[in-house]
Amino acid sequence: VEAEGVLSMRVPVEVAPSAAGSVVALYREHHAGLVRLAVMLVGDQATAEDVVQDVFLRLHRGLPRLRDDGNLLAYTRAAVLNASRTALRRRKLAFRLIQPYEPPAWSAEAAALVSEERRGVLQALHRLPARRREALILRYYLDLDDAEIGLIMGVRPGTVRSTLSRALKALERELQAARERENDPEAAR
Amino acid sequence: VSDIEELLREALHELADAIPETVPGRLSAVAPRRRRVLRSRAGWLGPVGAALAVAVLVALSSTVIALMPKGDADGEAADSAGGPPVYVTVESGAPSELTVRETGSGIVRATYRSNSPQETFGLVGAAGDDRTFFVAAADSGAYCGHVVLYRMRVSGTGKIIGFTRWATQPAGDYMISGRPDGALAVSSDGSQVAYGGMLCDAASGDGMRSSAVEVMRGGRYPSYWVWHSGQGLPIRSLSWITGGRLAVVGYILGPGDPKVSLGVRLVSAPRPGATEPTAAPQVLGSPSDDRQLLDAVATTDGRKLIAAVAPRGGRPPSFGIDSAKGFVNGSATGSVAGSGMDSATGLATGGGKPTVVPPGASQTERVTILEYTLDGGSSGRQIFTASLPVSPARVMLRRAGASDRLLIVTGARVYRLDGEGPRLADAGPGLLDVAW
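These protein sequences, in sequence, are chains A and B. Residues are numbered in my numbering as their position in the first sequence, beginning at 1, plus a constant of 135. Residues are numbered in my numbering as their position in the second sequence, beginning at 1, plus a constant of 1028.
Source of the hints: derived by calculation from the structure; they are not laboratory data. Check each hint, because a few of them may be wrong.
[Claimed, not checked] Restricting the straight-line Cα-Cα distance to at most 16 Å, the calculated cross-link-like pairs of lysine to aspartate or glutamate (EDC-like) are:
1) B/K1187 to A/E307
2) A/K304 to B/E1130
3) A/K304 to B/E1034
4) B/K1187 to B/E1130
[Said to hold, decoys possible] With the C-beta cut set under 7 Å, the calculated list includes, among others, these residues of chain B facing chain A:
5) I1032
6) I1047
7) A1308
8) V1311
9) L1402
These figures come from a predicted structure and were not determined experimentally. Backbone N, C-alpha and C fix where the C-beta goes; we use that ideal spot for every residue, glycine too.
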């Protein structure tokens, strides 16, 4: 049995009195971190806060059937990942007519990053396919190992390893292409 | 670890560090979801989107109420009042920005930045619901000018849900010196805002030759003066009291008296256009007392005035008085009115090199809270004295809504007052709610 609508992975669903307390503790300790993770995925803080609020709302809904088996944080991160994907899909449709309220956090306009080089890295990161981008963020921001990333992304550790390897190579290619565009704008056209 | 890995790690962590922390106080408070404001390219999407958003929010709110826990084992009870109390600041280095902070912890819940870089905020006041704030703004490049009043509404989760231009002060040009200066008080129901400051002299373009208090009522209603003084002396605080009156605390100059004193006068504000004669001001103290006023607030019934004072610590007075001309000689210390931790900055001249002193800042390590009876003649009775962790530290007093419970703001420490005296209640910046 799976918890309704909370996560895209299997969640223990027996009634457990400790679950409510665990969710409260999770909320207190990890809300800010989850918002930051969501910002890296969706690009702006307003959407990220909505994503995290949705996740906790769904956790409330599933609370009576949720049991904390020690992986609640991983489940919640997976939920944030899934909700961010949904937000990005909606944005692709909606933003043909509607502008985002805030520029992406890695854009020059947002001015969140001081270093031009680091801004370029994040811009290149967000040109990668979603799965590769997510794997890189989970590894290099959250410092998770292959098994933990696999749990969140719903794939085997071996798949995580190969995804990360391909993602790093793709990121290097993106950066190289960006450098060439910068050095020779005419050729880039 | 390759260079690309290291670069990516650094970039992600720098981005994470740049994201402000917005930790909600209670889990239940997360439920009423905040919706982003989207700017529509297509005109029809605006009203349609708004209608859909309202429908979604109504549905969601109904759901959320049912989802809210009745109370958790660890005390995380549902907060039907809609989240923790908040206060609003205009902070150092960001005069065009408003910050909504959670009372007690000081956690930032929201920020608002003016659309105009020329606009600076200076004074903030709260209505009785503690969710409606009024903010005075002015042109940063102007010495004399109008004050614009904005009304800001804050949701139960501490988010800014409304920000509208409420009134433009039209009765006269005030000395603003780049940001609103003076004092501001909001009536408990939020329908009237009193603003007090020094009027600019039309002929010379100089300020400080007269002071005035006017009442603004928003939108289409004209504002009107309720008190006008021929002496250009700083007004330090305003408090609404019963009967639609105002307690005006400021510096006064008696007839033929070369010395400026601190005083309070009660001003009637019965109707537009009427400037009522006021009773003689009650003298509270003099600059020669070697104490400076940090802030003052009158109780709702107008019977008492609570003042925070501190020794001057050997520093010069914050301003001088030209007794021959009857106005302040040099720049005066700004008012401490408003909820802002650093709501205004004044220049202390004292005959020497001007020194920037945040108004309401104690320059010593102690603050004393005094109680005056507004019967025309009492001297201040000491309530308690507290030490300050840093010096100078900002100290402000605020009345909580229509009650006489007071909020005491210190720069970096929170004290709680009970029958046994002041006790350190919490670390970090915040407000203290005192049952007075």
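Each hint, compared with the structure:
no. : hint               : result
1   : B/K1187 to A/E307  : 40 Å, violated
2   : A/K304 to B/E1130  : 45 Å, violated
3   : A/K304 to B/E1034  : 14 Å, holds
4   : B/K1187 to B/E1130 : 11 Å, holds
5   : I1032              : 5 Å, holds
6   : I1047              : 5 Å, holds
7   : A1308              : 55 Å, violated
8   : V1311              : 51 Å, violated
9   : L1402              : 46 Å, violated
Consistency with the previously given hints fails for numbers 1, 2, 7, 8 and 9, ordered from lowest to highest.
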